[in-house]
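Undergrad: Sequence:
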Amino acid sequence: MKNRKQLLTYLFWDILSAALSWTLFFIFRKIIIEPRVFGYPVPVEFDERYFLGLVVVPVFWIFLYYTAGLYRNLYRRSILHEFGISLIITVLGTVVIFFTLILDDVVSGHQHYYLSASGLLVLHFLCSYLPRLIITTRTRNRIRNGKIGFRTLMIGSNSKAVDIYRELTRPGSYSGNVFTGFLLPTEKQKPGILEKELPFLGNMKNLEKVIKKQHIEEVIIAIESHEHSELEKIINRLERYDIRIRIIPNLFDILTGKVRLVSLFDAPLMEISRDIIPPWQVSLKRVTDISVSLLSLILLSPLCAVLAVLIKLDTRGPVIYRHERIGRFGKPFTIYKFRSMVVGAEENGPQLSSRNDPRVTRVGRFMRRTRLDEVPNFVNVLKGDMSLVGPRPERQYYIDRIVQRAPEYLHLQRVKPGITSLGQVKYGYAGNLDEMIRRMKYDLIYVENMSLLLDIRILAYTFLTIIRGRGI
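Per this note's numbering, the very first residue in the sequence shown carries number 7; after that it's consecutive.
Derived by calculation from the structure, the hints in this document are not laboratory data. Glycine included, every Cβ here is placed at the ideal spot set by N, Cα and C. Check each hint, because a few of them may be wrong.
Straight-line Cα separation of at most 25 Å, PhoX-like style, residue types lysine-lysine; simulated pairs [claimed, not checked]:
no., residue 1, residue 2
1, LYS194, LYS166
2, LYS153, LYS196
3, LYS196, LYS239
4, LYS11, LYS219
5, LYS239, LYS166
6, LYS8, LYS219
7, LYS337, LYS11
8, LYS153, LYS239
Ranges of calculated distance between the beta carbons of each label pair, as one might list FRET restraints [to be verified]:
no., residue 1, residue 2, range
9, LYS215, TRP286, 33 to 39 Å
10, PRO255, GLU54, 55 to 61 Å
11, ASN79, ASN455, 20 to 26 Å
12, PRO285, ASN455, 15 to 21 Å
13, ASN79, LYS337, 28 to 34 Å
14, ILE472, ASP320, 34 to 40 Å
15, PRO255, THR321, 55 to 61 Å
16, ALA311, GLY75, 38 to 44 Å
Please construct the entire structure, taking both the sequences and the accompanying hints into account.
TA: Rendered as structure tokens:
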């Protein structure tokens with residue numbers, strides 16, 4: 007709720023500032039530029055081009071801000087960073103608008119083009135940056151005054167943890183951390199001196215319970231030097247949650263430039279990046295997901311109607327199969343597919359399908375071979391539960407069994423599950439637990455090498471496989 011309110015605030019002012027800057031620019035052209043071109047005063051009349059821009063321009067700027075990642079991390083903004091990124095985006099956006107909406111105007115010389123472009127750049131930057139500056143400043147003041155806080159869990163209990171705790175909670179701190187308690191990094195360890203300052207919540211065995219019960223938004227890892235062997239295990243367990251992770255850097259991290267200064271007033275902590283790909287690629291991937299899913303559902307709607315009739319004629323039961331799957335950060339969601347099995351196929355418990363599974367219907371066999379049973383997955387993509395490309399979503403029942411043998415499976419939950427995946431492309435369907443673990447290795451390779459180019463290659467291979475009717 008807190009993030010949604012802040013997002014709506016940014017969206018409101020971004021739309022308003024884009025509309026205002028376009029209006030001021032239109033008036034600027036009528037009063038300053040066009041009289042110089044034509045040699046006589048030009049009345050300010052709002053024509054079709056103005057109203058077209060009034061609709062298109064704000065949408066364009068919102069898309070550009072979204073692609074650049076400006077609607078993420080809304081509460082932890084630096085004023086200097088806000089200035090720099092706003093200026094860069096304004097320059098980029100001005101160039102695009104200039105060449106698409108302005109360049110074909112009749113002008114008498116290049117100086118009028120330069121004046122138009124400069125006017126649009128200055129007007130939009132002032133109109134867009136000032137509201138953002140006010141919002142950022144107000145947000146930082148509310149954090150400093152304790153009106154906005156981030157529920158924080160400390161991992162560690164000795165001198166380093168105490169030092170960081172006192173640094174972040176000192177009067178006038180900009181951190182906004184509201185500590186709920188601390189966990190010990192190992193089971194054998196006993197609570198240290200931090201117990202005098204914060205509630206003791208147990209050890210790492212209690213991690214999942216504490217994060218959910220305490221609604222944790224940030225975890226700070228402040229362990230001693232002799233405990234660094236536990237660091238990788240701790241981070242691996244935390245990466246599956248949608249929370250901010252920060253650690254105390256060692257001297258090597260500082261000397262090699264791995265420590266990023268977020269704020270002059272912040273404690274010396276290194277943030278563990280949650281993004282596998284740059285923010286602009288994350289945003290562009292989401293835009294691609296939405297565009298392709300909408301187009302696919304529209305184009306395939308007649309075929310979907312035919313499949314619905316065939317499913318009904320073939321066997322009794324619903325057309326759409328709904329089941330719970332586990333998505334990014336371990337969050338459950340309902341997946342939609344065309345039903346390809348008989349009703350009650352798993353009445354004796356969860357059971358993976360095999361290549362010649364008798365539970366698969368005649369229509370279901372055709373749909374699986376052509377991947378048409380997964381067309382309703384596009385609805386999951388539109389809802390944000392899935393992506394076009396990503397590890398296939400599994401049930402919690404199988405995840406629990408995979409993790410017992412291959413704990414690294416949890417790395418897959420750093421990304422959204424997908425309609426198709428590298429594991430599907432390179433390995434195919436998995437009929438048992440051993441095959442699921444072997445397929446998982448390909449999906450881990452995807453997560454570690456994730457990029458838009460790799461997504462395109464996987465989609466292309468999937469399309470060719472479907473055309474050949476081989477299934478995956």
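Undergrad: Go through the numbered hints given earlier and state which of them the structure violates, listing their numbers in rising order.
TA: 2, 8, 13 and 14
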